[in-house]
Each structure stands twice: as structure tokens, then as C-alpha cells.
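Trainee: Residues per chain, in single letters:
Protein chains: 2
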Amino acid sequence: MTDLLPADAGFADRLAAALPEGTLRPAEPRYLEEPRGRWQGQAGLVALPRTAAQVAQIVAACHAARVGVLPYGGGTGLVGGQIQPEGPPALILSLERMTAIRALYPEENVLVAEAGAILADIQTAAAEAGRLFPLSLASEGSARIGGCLSTNAGGVNVLRYGNARALCLGLEAVLPDGSLWNGLRRLHKDNTGYDLKHLLMGAEGTLGVITAASLKLSPRPAATGTAMIVVESPAAALRLLALARDIAGEGVSAFELIHRTGLDFLAEMLPQVRQPFAERPEWTVLIELGLSAGQAPEAALETIFAEALEQGLASDGVIAQSEGQRAGLWAVREEIPTANRMIGAIASHDIALPLSLVPDFIARAPEALAEFADIRVNCFGHLGDGNLHYNVFPAPGRSKSDYAAQRDAISRAVHDLCVEMGGSFSAEHGLGRLKVADLERYGDPAKLATMRAIKAALDPHGIMNPGAVLRG
Amino acid sequence: MTDLLPADAGFADRLAAALPEGTLRPAEPRYLEEPRGRWQGQAGLVALPRTAAQVAQIVAACHAARVGVLPYGGGTGLVGGQIQPEGPPALILSLERMTAIRALYPEENVLVAEAGAILADIQTAAAEAGRLFPLSLASEGSARIGGCLSTNAGGVNVLRYGNARALCLGLEAVLPDGSLWNGLRRLHKDNTGYDLKHLLMGAEGTLGVITAASLKLSPRPAATGTAMIVVESPAAALRLLALARDIAGEGVSAFELIHRTGLDFLAEMLPQVRQPFAERPEWTVLIELGLSAGQAPEAALETIFAEALEQGLASDGVIAQSEGQRAGLWAVREEIPTANRMIGAIASHDIALPLSLVPDFIARAPEALAEFADIRVNCFGHLGDGNLHYNVFPAPGRSKSDYAAQRDAISRAVHDLCVEMGGSFSAEHGLGRLKVADLERYGDPAKLATMRAIKAALDPHGIMNPGAVLRG
Chain E
1 MTDLLPADAG FADRLAAALP EGTLRPAEPR YLEEPRGRWQ GQAGLVALPR TAAQVAQIVA
61 ACHAARVGVL PYGGGTGLVG GQIQPEGPPA LILSLERMTA IRALYPEENV LVAEAGAILA
121 DIQTAAAEAG RLFPLSLASE GSARIGGCLS TNAGGVNVLR YGNARALCLG LEAVLPDGSL
181 WNGLRRLHKD NTGYDLKHLL MGAEGTLGVI TAASLKLSPR PAATGTAMIV VESPAAALRL
241 LALARDIAGE GVSAFELIHR TGLDFLAEML PQVRQPFAER PEWTVLIELG LSAGQAPEAA
301 LETIFAEALE QGLASDGVIA QSEGQRAGLW AVREEIPTAN RMIGAIASHD IALPLSLVPD
361 FIARAPEALA EFADIRVNCF GHLGDGNLHY NVFPAPGRSK SDYAAQRDAI SRAVHDLCVE
421 MGGSFSAEHG LGRLKVADLE RYGDPAKLAT MRAIKAALDP HGIMNPGAVL RG
Chain A
1 MTDLLPADAG FADRLAAALP EGTLRPAEPR YLEEPRGRWQ GQAGLVALPR TAAQVAQIVA
61 ACHAARVGVL PYGGGTGLVG GQIQPEGPPA LILSLERMTA IRALYPEENV LVAEAGAILA
121 DIQTAAAEAG RLFPLSLASE GSARIGGCLS TNAGGVNVLR YGNARALCLG LEAVLPDGSL
181 WNGLRRLHKD NTGYDLKHLL MGAEGTLGVI TAASLKLSPR PAATGTAMIV VESPAAALRL
241 LALARDIAGE GVSAFELIHR TGLDFLAEML PQVRQPFAER PEWTVLIELG LSAGQAPEAA
301 LETIFAEALE QGLASDGVIA QSEGQRAGLW AVREEIPTAN RMIGAIASHD IALPLSLVPD
361 FIARAPEALA EFADIRVNCF GHLGDGNLHY NVFPAPGRSK SDYAAQRDAI SRAVHDLCVE
421 MGGSFSAEHG LGRLKVADLE RYGDPAKLAT MRAIKAALDP HGIMNPGAVL RG
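Chains E and A, in that order, give the protein sequences.
Numbering follows the UniProt record's numbering, in which position 469 of the first sequence is assigned residue number 469; successive positions increment by one, without gaps.
Numbering follows the UniProt record's numbering, in which position 323 of the second sequence is assigned residue number 323; successive positions increment by one, without gaps.
Just so you know, not all the hints are guaranteed correct.
[To be verified] Example chain A residues on the side facing chain E (calculated, C-beta under 7 Å, incomplete): (1) 23; (2) 186; (3) 189; (4) 203; (5) 249; (6) 428.
The set of hints was computed from the structure by calculation and includes no laboratory data.
Just so you know, even glycine gets a beta-carbon here, dropped at the ideal spot from N, CA and C.
With the hints as constraints, model all of the structure from the sequences given.
Mentor: Laid out in C-alpha cells, this is it:
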């Protein structure tokens with residue numbers, strides 16, 4: 001790769017002269033920070049284009065001048081993909097002025113949005129048309145769709161609707177040489193050559209900048225039902241999932257696993273969150289069904305629960321009988337990360353495993369961590385996807401800073417075991433800058449060589465998101 | 001690209017010496033023919049490896065010797081992707097000895113198969129485990145899964161389950177330099193770099209050879225119901241689809257559009273196929289619901305039909321009351337292609353359109369074809385995916401050979417209109433060698449340039465399936 005040059009004042013002046021006034025300005029601090037406070041960006045310039053043509057103009061100028069481009073969506077990424085802490089400062093390219101919902105086709109279940117549209121706004125637009133855009137994340141109030149697609153975001157509805165890439169029918173994007181690719185199809189079948197949209201999704205801005213997307217909507221379920229069920233073990237939880245899918249088919253929208261540690265943290269830090277069971281059970285699952293017209297989710301949940309009792313998988317359970325009770329059950333699941341943050345994790349792990357190996361992993365991980373004394377583990381997550389948040393905390397009374405020297409070794413132990421079992425060291429958050437070395441350690445050599453060849457072919461100067469995903 | 005050398009006797013002798021006896025042999029005629037009889041392959045050699053390591057060895061030897069590789073699955077492709085009519089003869093690489101189902105995980109809904117496994121055998125293995133592998137094609141009795149994935153095959157269940165790429169969790173593949181990529185994950189979430197599996201799927205063997213795949217199974221619907229409904233127009237058919245999905249959600253598994261011409265052809269060529277309506281209606285849809293336990297598909301179909309009558313979308317209908325009646329309704333749809341072949345099409349078009357524009361296309365196409373006198377059009381297909389088979393036939397009493405001079409112009413007119421309306425000139429069959437020039441005509445220039453850059457980077461000598469997808 002070429003040595004890059006900084007996006008300095010001289011470059012900015014030349015570029016600004018070719019763009020509408022106000023397109024370039026000094027980057028405010030908000031562009032230089034990220035949610036976990038792990039990285040700090042460098043002072044520099046932000047470009048705020050209003051059209052895809054302007055994005056193309058900006059990227060072409062950077063390509064010609066060998067200046068880096070740092071694509072910026074909602075800034076909610078957790079792996080540092082949107083922050084450049086070192087190297088010649090890149091031009092921050094924010095899509096925040098490109099927020100239009102360009103078109104909505106309810107009869108096609110398609111919505112076309114610009115990359116800067118906020119995820120929650122897209123969900124709302126779909127809902128107003130009687131449709132569902134099922135991508136749902138904790139950060140949906142500020143995440144932008146371009147970033148969600150570039151990182152192939154996950155969330156709570158992947159079990160039923162797939163991750164972000166499964167919800168995308170077409171893309172418009174600016175490629176590293178500044179050319180504008182118009183792939184904004186709204187087709188369900190299109191076998192006309194290499195699938196560039198799937199290549200850009202998951203590339204985290206290193207192969208181009210998404211400027212708009214054609215998104216797949218779904219019919220809204222007519223009725224939703226939610227239950228929390230006490231299960232005997234993670235293995236029993238998996239059998240319960242299979243049972244639920246036998247009974248409710250694709251109607252199972254969420255299936256979340258919760259360990260007692262999470263409920264303990266909740267009781268300690270957020271006692272106002274009402275817990276459904278008097279005695280906190282070791283393993284609980286939250287299950288949600290969204291069914292079509294004429295079906296009763298509560299009845300289906302009762303059938304599932306009765307069968308689970310009969311098979312010895314479950315010992316107790318609560319089926320929400322009102323919208324308020326539903327919200328209450330979800331609050332238990334959703335406030336666990338809040339309690340986690342209040343306790344302060346030593347290390348968080350966003351891992352995925354083959355579904356049937358999740359119980360094995362949970363059984364074997366304490367042994368892998370045996371050398372680390374005085375830790376607590378809160379294991380919870382999207383069991384239906386095999387996606388665990390396996391987070392390690394200090395013993396009571398101690399602080400995460402006491403464990404700074406052990407942090408990397410703890411993560412290494414968790415990831416080593418996970419990868420050994422055929423799992424992934426990044427299930428839904430991506431690589432960003434956090435996991436570049438992990439990719440080198442755990443990635444298949446043939447895959448890595450292919451990724452490098454693609455990067456060199458499409459972005460010969462290495463201007464796109466330098467330092468993310470692949471070492472520059 | 002490098003000039004390739006033929007897979008001649010000298011090359012074969014050197015390669016054969018390094019492989020188990022019987023791995024290489026002269027290619028029998030079956031490898032040199034394809035279903036539509038449009039191309040004829042060249043006499044040459046076929047390699048029949050038994051393991052991925054042997055595939056890697058063969059491709060590495062071809063890479064080193066600048067000899068082409070022609071990946072060969074079931075030989076059922078319709079666009080000449082598996083036939084090399086000209087150029088230095090490539091080594092035909094057939095996966096037919098790699099047919100193992102390596103593993104089946106019913107509790108994960110995952111099956112791992114070698115690339116040579118026949119699609120129908122995979123469906124059967126899944127069914128025996130109480131699961132569904134939903135990919136379903138006319139050629140499923142001979143198509144091999146490696147080919148289905150390489151071409152991103154479609155079929156009748158795409159509406160509900162997606163096309164082949166949506167059913168693949170991981171791949172094992174040999175890349176053009178002979179390196180073996182082990183990407184055989186069975187994870188639902190894995191965001192660890194560029195998605196090579198999606199790049200190989202749809203590349204039709206030009207970027208590597210798939211040797212095994214990890215496939216996504218589904219729960220089997222507990223009950224299935226089928227109806228044939230007479231609709232007022234293609235627009236009414238689309239509204240009926242939306243209505244059906246409002247009522248049955250993801251339960252709508254198939255939604256096929258049939259024009260009277262197809263029924264007329266059937267009556268003329270296959271009068272033994274019983275038709276459900278005394279007077280053949282202009283437009284009919286075949287709808288199938290697959291629902292989970294406790295739901296009655298017939299009742300849901302009755303609700304849909306009653307509502308369609310009420311809204312003036314439909315005028316008549318038949319709901320199958322038995323498995324025999326169901327099979328009878330499907331026979332009408334499935335025998336239309338047989339009748340088509342007996343009549344003999346001048347030109348067949350596998351096109352896709354944005355769903356809401358299908359009626360417009362059907363209305364405008366006759367005008368686009370106005371200059372061609374004495375033709376008949378049979379338009380049918382997977383309406384739920386916007387995928388039409390828009391096939392053009394001779395007038396009664398004339399033969400397709402009478403129209404040889406007009407054939408290309410007819411296809412040009414159909415494709416021009418389709419692409420102008422945002423559609424695809426290859427919905428599910430791929431490009432192969434048939435549509436290389438169409439890609440150059442209709443493809444986005446930035447996409448084409450990117451495809452060429454990827455091909456040159458990953459396959460610098462151009463050995464993989466030379467002449468397919470991109471001009472060599």
C-alpha cells in the first residue's frame with residue numbers, strides 16, 4: 001500500500017473549493033470519541049456531503065491525493081471502526097446529511113433509504129406503512145443504516161429475520177477510486193455477476209462507502225406473546241428452542257438466555273426492575289412469538305411451556321398476560337447490560353458458537369479461565385443465534401482496574417476456546433480496529449490472503465478506513 | 001490475463017502420476033452436452049477427485065501450468081456455465097465422487113454436505129431428520145449442491161426461504177491458486193472480515209471451486225394447503241399476495257402466476273393434465289401455505305379467498321381438499337414448462353422486476369415486441385419473487401426455426417424493457433457463457449470494473465472457468 005498523506009489544510013482548501021460551502025469543517029469532539037472510551041480520534045476535518053455525487057467527488061479527491069477516508073455513520077460501533085487514533089489523519093466522511101427515505105413500496109415490502117438515515121426512523125417509516133423493518137439494536141436511536149449494513153449488524157431479531165445483510169436487496173456505494181456504483185435494485189432474484197453488495201457489507205468501510213440501500217421489509221406479526229421460562233440447563237434451553245420452533249415455526253422471534261449472575265447484578269444495581277421469580281433461577285430464557293392473524297401467541301406459549309414441563313426441560317415460567325407484563329419481562333433482559341456497565345466488566349466477549357455446542361462451551365469455559373482468580377462471569381445473549389455475550393467481571397468489592405494486567409489473557413482464553421470449538425471471536429460487532437490482530441491469529445490463512453488481494457485490487461492506495469479490518 | 005494452455009496428454013500424465021489411479025480419464029460425451037443443446041463441449045479430460053485435498057492439488061497444478069479448470073456439478077445449468085465450446089481445452093473438474101453428507105445437526109438445523117451431493121439427496125436426509133432443506137428446483141434429482149450454490153440457484157420456495165445463498169452458513173472451497181479455504185462454519189453470526197462465501201456464490205466457478213457447504217435447514221411446516229385462484233389481472237394478483245401475507249405471514253411458501261396461454265398449451269399438448277376451471281381463465285395464481293402446528297391451512301386459504309372476492313381481486317377459486325387435489329393443482333403449474341418444450345420457444349427469458357412493476361411490464365412488453373409479427377407469449381413464473389419466465393413462441397402452425405433471424409432481437413427487446421424498468425436480465429439462472437455480452441451491455445460500469453479487478457486479483461492467470469461470466 002502507498003504511504004498516505006494527511007487531510008491537511010492545503011488538501012482541504014482545494015477540496016472545499018470544489019464543493020458547496022459548509023461541506024467541510026473541523027471535526028467536533030463527538031467524531032473523535034466512541035461509546036466504550038477505548039480510543040481517541042485525532043483532530044482533523046469532517047466532510048458532510050448531501051448527495052452521493054458529492055461523496056464520489058470527495059472520495060475521488062482523496063484517492064488522487066492519497067488521503068485516507070474514514071466513513072462515519074452514527075458513531076455507535078463498539079470495535080473502533082469509526083475512530084482513527086493514529087496514522088496520517090484521514091478525512092472523516094459523515095453521512096449525517098443524507099437521511100432521506102427516498103421511497104417506500106409497501107406492496108413490495110421495500111424501503112429505499114440514504115445511508116445516513118437513523119435506524120429507528122426507518123423502523124418508524126416502515127411501521128407507518130403497516131410493515132416491519134426487523135433490524136433492532138440497543139443503539140437504534142442513533143445508529144445509521146449505512147453503518148449497520150457496513151458492519152452487518154445483528155441484534156435481537158436475527159433468529160427470525162437474519163442479520164443486516166439478509167435485509168438488504170441493493171446498495172448504492174462509492175468505491176475507493178471515487179466511482180459510483182448504482183446497485184440499488186429492489187429485486188428478490190438477480191444473478192448477474194459477483195455480489196458486490198455482500199462484499200461491501202461486512203467490509204466496515206474498507207472497500208467503499210455505502211450511500212443508500214434498498215431494504216427488505218416484512219409483514220407485521222398480528223399478535224405478539226412473551227414468556228420467561230426457568231430451564232434446567234443451557235442444554236435444556238436448546239431443547240426448548242427446538243420444541244418452540246416445532247410448534248411455532250418461524251413465529252419464534254427471540255430466544256434469549258439469561259444466567260443468574262445477570263439477575264444478581266440487576267438486583268444489586270437496579271432493584272427497581274421487577275424480577276418475575278422470587279428465587280433467582282440459575283438459567284432462564286426469554287421467548288417471544290410473533291404470529292399472524294387468527295393465532296393466539298399466549299395459547300402457543302402455554303402449549304410450549306406445558307410440553308417443556310412434561311419433558312423435564314423447565315420447572316417454572318411466566319407468560320405475559322398484558323402489554324405491561326411483556327414490557328416488564330423485556331426490561332429484565334434489556335437492563336442486564338445496564339447493570340453490567342454499572343459493575344464494570346474486565347472484558348466483554350461477543351462470541352458465536354455452533355448452536356449445539358453452546359452448553360459445552362458454557363461448561364468448559366470456567367476451566368479455561370481457572371488460572372484467573374476472583375472473577376465473576378455473566379453469560380447471556382441471543383441463544384437462538386448461538387451468540388453469547390460472555391462477560392467477565394471483578395469479584396465483589398474489587399474494580400476492573402485491578403485486573404488490567406490480566407485483561408488480554410482473559411480474552412485470549414475465551415477466544416481460544418471459542419475458536420477451537422468452531423466458533424467466532426466476533427459474532428455481531430465486527431472487527432474494526434479492536435480485532436485486527438485477532439483476525440490475524442484466528443483467521444483462515446487462505447481467507448486472509450484473499451481479503452488482502454481484494455483490498456489491494458480495489459483500494460490500491462489503501463485510503464478506505466485505513467487500519468481497520470486489515471493492517472495497513 | 002495469461003494465455004492458457006490446453007489440458008493435453010503431457011499435462012495429464014504429470015498430474016495423473018501425483019493422484020490416485022483413476023482420478024483422471026477422458027471425458028465421456030455426457031460432460032460435453034447441456035440441457036438445451038445450445039453448446040457442445042470439446043473432447044478432453046475429466047478429473048474425479050475424492051477429497052478436497054485432491055481438488056486443491058489439481059487446481060494448484062492447473063494454476064502452475066496455466067491450464068484452465070472447468071468446475072462441473074450436475075450439468076443441469078441452462079446458461080452454458082459448465083460447457084467450454086472453444087479456447088484451449090480446460091480440465092473438467094467433476095465433484096461427482098464427493099457426495100457425502102458429512103454431518104447433520106437436527107437440533108441446530110444444520111447439514112454439512114460435500115459439493116457433489118445431489119440436491120434431492122440432501123432434501124431426503126433433512127426430511128429423515130424431521131427437517132426441511134427448502135431449496136427446490138425442477139432439476140433437483142440431478143443438480144449437485146456445489147453447482148446450486150455457485151450459481152445461487154432459485155426455484156419455487158425463494159419467496160419464503162430465500163435463494164441458495166440464503167441457505168448457506170459456510171463453505172469449504174479451493175481458490176484459484178490451489179489454496180484450500182476452510183470456511184465451513186455453522187454459525188448464524190460471524191462478522192470476521194470480508195464474506196468470501198457470498199463472493200463465491202454467484203461467481204459460477206470463476207473464483208474457485210466449492211468443495212463442501214454447511215447448509216441451513218428449517219422446521220417442516222406441520223400442514224400444507226394449496227389453492228388456485230382466478231384473478232382479475234396481474235395487479236390483482238399482487239394485491240392478493242399482499243393480502244395472503246397479511247393473513248398468513250411467512251406461511252406463504254409459493255405464489256405462482258399463470259397466464260391462459262400456458263393453460264392453452266397444456267390443453268393442446270398434454271390434455272391428460274386435468275385443469276381446475278371449465279373455461280380457461282386469463283390469469284390464475286397458485287398459492288401454497290405451509291403452517292405450523294395447530295393451524296389449518298385450508299381455513300386460512302378460505303379466509304384469503306373470501307377476502308379476495310370481497311375486494312374484487314378474484315372471481316373463482318379451488319382449494320385442494322386432499323393430497324391428491326394438491327398434487328393435481330401443482331401438476332398444472334409444473335407441466336407448463338413441459339408443454340412449452342413441446343411447442344418449442346423462439347426465446348426464453350428468465351427476468352426479475354421490482355414486484356410492483358410486474359403488471360406494468362406485462363402491459364408494456366407487447367408494445368416492445370410489436371414489430372415481431374405472428375408470435376405468442378407465455379408469461380408465467382414466481383410472482384412472489386417478481387421472477388417471470390417470459391417466453392416467446394411461434395404462431396400456431398409455424399416452427400421456432402422460422403424465427404431464427406429474429407431471436408436475438410426479440411431477446412434484446414424483452415431485456416431492454418426489463419432493465420429500463422429496474423429489472424434483471426438473469427433472475428435465477430446466472431450468466432454462464434450465454435449472458436456474458438448481456439452483462440457488458442446492461443451491467444453497471446463500476447460493478448463491471450470491480451468484478452474484473454477481483455477476478456484479476458484472485459485468478460491472475462484466468463484459469464477458473466475461462467470464458468464464463470467475464471470475457472477472458
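Trainee: State for each hint whether it applies.
Mentor: A quick look at each hint next to the structure:
1. 23: 23 Å, violated
2. 186: 5 Å, holds
3. 189: 4 Å, holds
4. 203: With Cβ-Cβ at 6 Å, under 7 Å, it holds.
5. 249: The hint holds - residue 249 (chain A) has a Cβ within 7 Å of chain E, the shortest such distance being about 3 Å.
6. 428: Holds. Min distance 5 Å.
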